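There are 2 protein chains.
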Amino acid sequence: MLLKIAPGGPTPVFRQIQDQIARLVDEGSLCPGAHLPATRVLAGHLGVNRSTVYRAYQELWSRGYLEARPGSYSTVRARLRPPGPALGQAPSGFDWAAAAAPAARAAHVGSLRLGARRAAPAATDDLVDFASLAADGALCPVDELTRSMRRVLSRRGREVLGYGDPAGYRPLRETLARRLRVHGVAVTADEILITNGAQHGLDLAVQLLAGPRRVIAAESPTYAFALPLFRLRQLRVRGIPMRADGLDLDALERLLARRRPALLYTIPNFHNPTGITTGQAHREKLLALCESRRVPVVEDGFEEELKYFGKAVPPIKSMDRSGIVIYLGTLSKVVFSGLRIGWIAAPREAIERLLAIHRCGALSGNMLVQAAVDDFCSAGAYEPYLRRIHRVYRARMQALQAGLTEHLPARGVEWTRPAGGCTVWIRVKDRPASREGALLEAARREGVLVTPGSLFFADEPDGLCLRVSVSGADEGRIAEGCRRLGRALAGVVGG
Amino acid sequence: MLLKIAPGGPTPVFRQIQDQIARLVDEGSLCPGAHLPATRVLAGHLGVNRSTVYRAYQELWSRGYLEARPGSYSTVRARLRPPGPALGQAPSGFDWAAAAAPAARAAHVGSLRLGARRAAPAATDDLVDFASLAADGALCPVDELTRSMRRVLSRRGREVLGYGDPAGYRPLRETLARRLRVHGVAVTADEILITNGAQHGLDLAVQLLAGPRRVIAAESPTYAFALPLFRLRQLRVRGIPMRADGLDLDALERLLARRRPALLYTIPNFHNPTGITTGQAHREKLLALCESRRVPVVEDGFEEELKYFGKAVPPIKSMDRSGIVIYLGTLSKVVFSGLRIGWIAAPREAIERLLAIHRCGALSGNMLVQAAVDDFCSAGAYEPYLRRIHRVYRARMQALQAGLTEHLPARGVEWTRPAGGCTVWIRVKDRPASREGALLEAARREGVLVTPGSLFFADEPDGLCLRVSVSGADEGRIAEGCRRLGRALAGVVGG
Chain R
1 MLLKIAPGGP TPVFRQIQDQ IARLVDEGSL CPGAHLPATR VLAGHLGVNR STVYRAYQEL
61 WSRGYLEARP GSYSTVRARL RPPGPALGQA PSGFDWAAAA APAARAAHVG SLRLGARRAA
121 PAATDDLVDF ASLAADGALC PVDELTRSMR RVLSRRGREV LGYGDPAGYR PLRETLARRL
181 RVHGVAVTAD EILITNGAQH GLDLAVQLLA GPRRVIAAES PTYAFALPLF RLRQLRVRGI
241 PMRADGLDLD ALERLLARRR PALLYTIPNF HNPTGITTGQ AHREKLLALC ESRRVPVVED
301 GFEEELKYFG KAVPPIKSMD RSGIVIYLGT LSKVVFSGLR IGWIAAPREA IERLLAIHRC
361 GALSGNMLVQ AAVDDFCSAG AYEPYLRRIH RVYRARMQAL QAGLTEHLPA RGVEWTRPAG
421 GCTVWIRVKD RPASREGALL EAARREGVLV TPGSLFFADE PDGLCLRVSV SGADEGRIAE
481 GCRRLGRALA GVVGG
Chain P
1001 MLLKIAPGGP TPVFRQIQDQ IARLVDEGSL CPGAHLPATR VLAGHLGVNR STVYRAYQEL
1061 WSRGYLEARP GSYSTVRARL RPPGPALGQA PSGFDWAAAA APAARAAHVG SLRLGARRAA
1121 PAATDDLVDF ASLAADGALC PVDELTRSMR RVLSRRGREV LGYGDPAGYR PLRETLARRL
1181 RVHGVAVTAD EILITNGAQH GLDLAVQLLA GPRRVIAAES PTYAFALPLF RLRQLRVRGI
1241 PMRADGLDLD ALERLLARRR PALLYTIPNF HNPTGITTGQ AHREKLLALC ESRRVPVVED
1301 GFEEELKYFG KAVPPIKSMD RSGIVIYLGT LSKVVFSGLR IGWIAAPREA IERLLAIHRC
1361 GALSGNMLVQ AAVDDFCSAG AYEPYLRRIH RVYRARMQAL QAGLTEHLPA RGVEWTRPAG
1421 GCTVWIRVKD RPASREGALL EAARREGVLV TPGSLFFADE PDGLCLRVSV SGADEGRIAE
1481 GCRRLGRALA GVVGG
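Chains as they are written, first to last, in our numbering: chain R, 1 to 495; chain P, 1001 to 1495.
What the hints contain is simulated information worked out from the structure, not anything from laboratory work. Predicted model, so just to flag it, every value in this text is computed and none were measured. Keep in mind that a hint or two might mislead.
[Unchecked claim] Here are the simulated distance ranges between beta carbons:
id, chain 1, residue 1, chain 2, residue 2, range
1, R, R445, P, A1098, 53 to 63 Å
2, P, A1097, R, L386, 29 to 39 Å
3, P, A1410, R, R151, 49 to 59 Å
4, R, R151, P, A1098, 39 to 49 Å
5, P, A1379, R, E414, 50 to 60 Å
[As the list claims (entries may be wrong)] Result set (EDC-like, lysine to aspartate or glutamate): computed pairs, CA atoms no more than 16 Å apart in a straight line:
id, chain 1, residue 1, chain 2, residue 2
6, R, K311, P, E1067
7, P, K1311, R, E67
8, R, K429, R, E414
Each residue gets a CB set at the ideal place from its N, CA and C atoms; glycine is no exception.
Please model the entire structure based on the sequences and the hints provided.
Printed below as a string of structure tokens:
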């Protein structure tokens, strides 16, 4: 084997060795199975340090040129397919579209549809983001979480880095049970299952209750990412129209008189996307209707903790005497969206069955993260943080309402006035949903990012609507965003 | 409102106030909506510090007795159901078993079946654990991970605590792509989807390819936790018998001649449970058969990195010229089982569709954990750790083979000799699977925990078998465990 080494050149010696050997393998001069000289021998031969040769071999090994035998990197590997990004990008010879199961195809179509409508590239870099709905990263208590993470790793690192209880880290389940009592929900840790966010909780609930072609009921509009999930599970969604005070109870009653859906999916607090919160009487009536027809209620409490105007209304789950409600909670709109901490609170018979489904998809959850979040709460960091973001979001929501009042066309546009949460629903009166593309294009030109209303409807959208969220913009940006949105809407409303 | 305070007693004053107010609410003397005195007023009245009253109110609030209005805790809350563990434990009035969808019912039955057969309580505390199959917590590099976690939180805390790329943290996908090249698999970061462990990857692959009542092919025996997943997805599993050199290729060919299964699930390295590794010729033949019938291969590489005897055989995925293989990887058997880091490597057309399904169930993965694991690998901590556990597991596997040879009945029992991984498959010759209960009971009496063979079969088990794993026992315990297992088997074989 002839290698030419130029010490002191621009290329480090280990890389010269590495490159030349790689070339010999690529051109076939060194065959699979060929033995390279021992590092000591080659180093002596080339007059270089042994560690230089070692490093070259290690690099070659990590690029797949040599056999992966620990401590030894001396045999040329049989490579069945030359590595390289070019190959990776080539289309597969197999038809994955045709091979996909019908449900997977439906989810893919739904996902492309969501993606296409969201991906309106900005005309300007100076963009006001009214589209994001997540805990604001700028408010994130990183230092407190870092302390919690360090404590957990130093006190119980080995334990929380292994497989854990599939229902979730027990102390966190106890903390969550205590927290739910603040909202009048009396459950124990055994009635809680920790999930990877509320989306995961919804998927588990849907899998528990509804197989392919079953009918389910949901508000219309509803949470946009519930829709591709319903399609993946091949459900038939019957939309119950939203009124100013929540879903239309008469329409629900008429539906229940005709058929028994597998479940009712509802978001009673700061409904996504409309921001509407239902009153106690509405919740009691809804529950009574579902109880009388034995229809389980899946209550999405995704922003339960974000009430900052007026008195909180207790969740439907708090009134659930017959054990028919599956409650979904999440931290994601409050703090640490990326840690994926959600939970289900439900009767034990339901939790056991949800757990069986959960284990099929995940074996167990992330113990380290669950333990760190529990430490964060137990150390007293959660409640002061919550009070802080209440102040922030309250001020933002006030700024949004003031901005909309000031800048939106006085006639022809109406919007909701939520008691908490982060979103407001804007409806353009007497304009068809078909104008959505034009409205989005106008908003894009003005430099404001909004979420198109049609994303929230399983079927035809009910008019021309938009969702705006304050979770990603401070008060100054909100005022500017309203100004831009006003200009964008003026064209559509005036036109 | 009459409160009696005894300062200086065993109960702190704030708790006395809290308990007495709670009692007044519980017995109905204080009605929902009643206003408590302002903290200042009550403090003056009782002659205590105002912060003492504040603390009592805060506690009452956090227990659900008062309205949750930030900064104010003075109105008695309408409580619809008295909190208490007793209620939580009461059976639900709703029949969740009847409401469960057929697939959910199947998963629940499967899960109970697994649970019942695993939960053989030990007769002694001095137990040898041959059942666990997970990265050994005692070897876990906690300090290195702690350093990585700290670096990631301090450098990019806000970013990784928010929602991230649903396909996974891009630098980790790049690291994994480089790592896969070590095994001859040429993929780019765009052909990788990070999952919550390999179980999650398998669930996504199954959802992509197979709807209810489709036939799939898998080795028999196979990974135990794949079976409840297949039941949840309502698949019909055709088992291909395992031979000494891997799945029976003739049986696969006969099956493929008759029908086209939606996928073949295979574990070519250190097959779970048998420990068998197939050779390159076997892999090529398997792939050619599946290509000729256009049957996608789901290759489970769960212990790809745990080869420590002899030369590694490249994965089937490395030979995949037609893009028909979905490869599943995981860290869980190597390190940090509880962090749930797995991945899928597949053609982009497949990845896009898997991603759509993934988002329906989770929105995004855990960015913080993915970033910390990437830092752990990029900082050079992974490879030295891997070499270390290779030494450890090699020594354990040698101890297990020596112990089995020394202590198992010379006649009537045979077992596998894996080239890596952690498990050995023991078969009792000429004894029916119906003796499994007696064998497990004997093992329990001797104080050794093993996994019953029947768990790994979709249908009837093929004889009387056991799986033993060395991931949870060191060499001393392994020798002792073999002694105990020998005594347990002697009774069954001799009987």
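Among the hints numbered above, which are violated by the structure, and what are their numbers in rising order?
none
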